[in-house]
Amino acid sequence: RKEVEQDPGPFNVPEGATVAFNCTYSNSASQSFFWYRQDCRKEPKLLMSVYSSGNEDGRFTAQLNRASQYISLLIRDSKLSDSATYLCVVKPDTGFQKLVFGTGTRLLVSP
Amino acid sequence: DTAVSQTPKYLVTQMGNDKSIKCEQNLGHDTMYWYKQDSKKFLKIMFSYNNKELIINETVPNRFSPKSPDKAHLNLHINSLELGDSAVYFCASSQVGEGHTGELFFGEGSRLTVL
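The listed protein sequences correspond, in order, to chains C and F. Sequence positions in the first sequence follow the numbering used here and run 1317 to 1427. Sequence positions in the second sequence follow the numbering used here and run 351 to 465.
Just so you know, these hints were derived from the structure itself, not from any lab. Note that beta-carbon positions come from the ideal geometry of N, C-alpha and C, so glycine has one too. There may be inaccurate statements among the hints.
[Stated by the list, open to error] The calculated lysine-lysine pairs, modelled on DSS-like cross-linking and capped at a C-alpha distance of 30 Å, are:
#1 Lys1395/C - Lys421/F
#2 Lys359/F - Lys369/F
#3 Lys1414/C - Lys391/F
#4 Lys359/F - Lys1414/C
#5 Lys1395/C - Lys402/F
#6 Lys1361/C - Lys359/F
#7 Lys390/F - Lys369/F
#8 Lys391/F - Lys1318/C
#9 Lys1414/C - Lys417/F
#10 Lys1318/C - Lys386/F
#11 Lys421/F - Lys1414/C
#12 Lys1407/C - Lys359/F
#13 Lys421/F - Lys1361/C
#14 Lys386/F - Lys421/F
#15 Lys369/F - Lys1395/C
[Said to hold, decoys possible] Here are some chain F residues the structure puts well away from chain C; computed CB gaps all over 10 Å:
#16 Thr363
#17 Met365
#18 Thr409
#19 Asn412
#20 Glu448
The shape of chain C in the complex, shown without the other chains (with noise of 0.2 Å):
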């Protein structure tokens, strides 16, 4: 089982829609969780952190389920400047800095 999985998609959604992406993790003792964008040909940025009581940051809601060792992230009122790579972050222990990567989710937001 790999240690993030994504649904690769491709979510093709119009502008305006809502739109929600899922993340599990494999190791029960992952600290930290976070959501990075990467555009084509790009490198990735951070979108969000992820805080177990679940975070909000303008049109974008991270949740975090510790039991079921699942995020999401929801996207509400979509841009055409959406259109990305989502990617699920994970730092799998308190150990030094290594962060793990998902292969991504990605979201394609037309007229």
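Chain F: place on chain C using the hints.
Frame of chain C, contents of chain F only:
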């Protein structure tokens, strides 16, 4: 100002050659990394250095040798290049420890093509 810069951005070379990629960060971070992103877009850590000390060394062939002359620089040298080494190599940096999120800041990537 570019925070994490790596050179070259593109590299096309023949099998068997040796090549290097250089990385520099001006963020004052103490930890730097090399990640490899293959054709399936899977991003996997290769090495990590903290204050010039190697702290993460994933299962990577000995042909790959990182070098950190100081905490702002991390270079990657690859000997005897193979077809399977074709990928995008990303350098990244972060500041770890109390009060820091550990966010990774990536360079723009170095696209290596081995013919």
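Holds or violated: are the alpha carbons of Lys386/F and Lys421/F at most 30 Å from each other?
Judged against 30 Å, a Cα distance of about 20 Å means the pair holds.
Verify the proposed pairing of Lys1361/C with Lys359/F, using a straight-line Cα cut of 30 Å.
OK: Lys1361/C and Lys359/F at ~18 Å, within 30 Å.
Check whether the Cα positions of Lys390/F and Lys369/F lie no farther apart than 30 Å.
holds (23 Å)
In terms of Cβ atoms, is chain C entirely out of 10 Å range of Thr409/F?
Holds, because the least Cβ-Cβ distance between Thr409/F and chain C comes to about 13 Å, which exceeds 10 Å.
Hint check: Lys1395/C vs Lys421/F, CA-CA at most 30 Å. Holds or violated?
violated (39 Å)
Mind checking the alpha carbons of Lys359/F and Lys1414/C for me, to see if they're no more than 30 Å apart?
With Cα atoms ~25 Å apart, Lys359/F and Lys1414/C stay inside 30 Å; holds.
With a cut-off of 30 Å on the C-alpha distance, tell me whether Lys1414/C and Lys391/F pass.
Roughly 18 Å separates the two Cα atoms, so the pair holds.
Non-interface label on Met365/F, tested against every C-beta of chain C at 10 Å:
Correct as stated: the minimum Cβ-Cβ distance to chain C is 24 Å, above 10 Å.
Take a quick look at whether Lys1318/C and Lys386/F sit within 30 Å of each other, Cα to Cα.
holds (17 Å)
Restraint status (C-alpha distance of Lys1395/C to Lys402/F at most 30 Å)
Between Lys1395/C and Lys402/F the Cα gap is close to 42 Å, so the pair fails against 30 Å, i.e. violated.
Far enough from chain C: is every CB of that chain over 10 Å from the CB of Glu448/F?
holds (13 Å)
Checking one constraint from the list: CA of Lys359/F to CA of Lys369/F, max 30 Å. Satisfied?
holds (13 Å)
Checked against the numbered hints above, the structure breaks hints 1, 5, 15 and satisfies the rest.
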